[in-house]
Amino acid sequence: MRNKFANVLLPIPKEIDFDYIIPEQFSNLVKRGVRVLVPFGKKEEIGFVYEIKKNSTKANSYIKKLIDEEPLINENLFKLACWMSDRFLISKGEALNKILPENLRGKPRKKKEKNLTIETPQI
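One point on numbering: in the working numbering, the residue at position 40 of the sequence shown is 40, and numbering is uninterrupted.
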């Protein structure tokens with residue numbers, strides 16, 4: 001099967017298109033509006049899938065991880081991000097990041113487990 005590609009908006013200050021190859025295991029799961037973990041330089045970033053493409057001349061890296069099962073960003077939020085980008089001179093990726101609640105921004109945090117012990121008085 002031929003690879004599909006995702007145009008991903010990253011929360012960086014430049015308005016640049018980044019295309020990534022969608023791995024076979026994610027091919028039916030990646031949709032417009034989901035967050036994905038992608039390589040970006042020497043680190044990894046979470047971005048938003050803006051468009052699914054059949055062809056790309058720019059893609060040379062694979063999406064590493066699918067963060068969401070269902071899209072977090074709907075069409076109205078994409079329109080809001082485009083308006084924010086024009087109005088406040090920020091990238092669409094930055095605007096989308098600002099739209100999300102703070103606990104959904106950035107890399108997913110690992111849950112900390114706490115072990116609690118309850119001392120009971122001896123009778």
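There's no promise every hint is true.
Calculated cross-link-like contacts (lysine to any residue; reagent style SDA-like; alpha-carbon spacing at most 20 Å) [said to hold, decoys possible]:
| hint | residue 1 | residue 2 |
| --- | --- | --- |
| 1 | 31 | 13 |
| 2 | 92 | 26 |
| 3 | 31 | 105 |
| 4 | 64 | 17 |
| 5 | 65 | 88 |
| 6 | 65 | 24 |
| 7 | 43 | 13 |
| 8 | 92 | 19 |
| 9 | 65 | 79 |
| 10 | 79 | 23 |
| 11 | 4 | 29 |
| 12 | 31 | 67 |
| 13 | 54 | 23 |
| 14 | 98 | 24 |
| 15 | 54 | 105 |
| 16 | 4 | 65 |
| 17 | 65 | 26 |
In short, the hints are calculated from the structure, not lab data.
Here is how each hint holds up against the structure:
1. Using a Cα cut-off of 20 Å, the hinted pair residue 31 and residue 13 is violated, with the two alpha carbons roughly 24 Å apart.
2. A distance of roughly 24 Å separates the Cα atoms of residue 92 and residue 26; the hinted pair therefore is violated under the 20 Å criterion.
3. For the hint linking residue 31 to residue 105, the alpha-carbon distance of about 19 Å falls within 20 Å, and the restraint holds.
4. In summary, the hint linking residue 64 to residue 17 is supported, as the alpha carbons are separated by about 18 Å, within the 20 Å threshold.
5. At most 20 Å may separate the alpha-carbon atoms for a hinted pair to count; residue 65 and residue 88 exceed this at roughly 30 Å.
6. For the suggested pair residue 65 and residue 24, the alpha carbons sit about 12 Å apart, so the restraint of at most 20 Å is met.
7. Restraint check for residue 43 and residue 13: the C-alpha separation of about 16 Å stays at or below 20 Å, so the hint holds.
8. For a cut-off of 20 Å, the pair hint linking residue 92 to residue 19 stands: about 15 Å separates their Cα positions.
9. A C-alpha spacing of about 25 Å is found between residue 65 and residue 79, which places the hinted pair above 20 Å, so the restraint is violated.
10. A hinted pair counts as satisfied when its Cα atoms are at most 20 Å apart, and residue 79 with residue 23 does not qualify at roughly 28 Å.
11. A distance of roughly 12 Å separates the Cα atoms of residue 4 and residue 29; the hinted pair therefore holds under the 20 Å criterion.
12. Restraint check: the Cα-Cα separation between residue 31 and residue 67 comes to about 11 Å, which is no more than 20 Å; the hinted pair holds.
13. With a CA separation close to 13 Å, the supplied pair residue 54 and residue 23 stays within the 20 Å bound.
14. With a C-alpha separation of about 31 Å, the suggested pair residue 98 and residue 24 falls outside the 20 Å cut-off, and the hint is violated.
15. At most 20 Å may separate the alpha-carbon atoms for a hinted pair to count; residue 54 and residue 105 exceed this at roughly 29 Å.
16. Between residue 4 and residue 65 the alpha-carbon distance is near 15 Å, which keeps this suggested pair within the 20 Å criterion.
17. With a C-alpha separation of about 9 Å, the suggested pair residue 65 and residue 26 falls inside the 20 Å cut-off, and the hint holds.
The structure shown violates the earlier hints numbered 1, 2, 5, 9, 10, 14 and 15.
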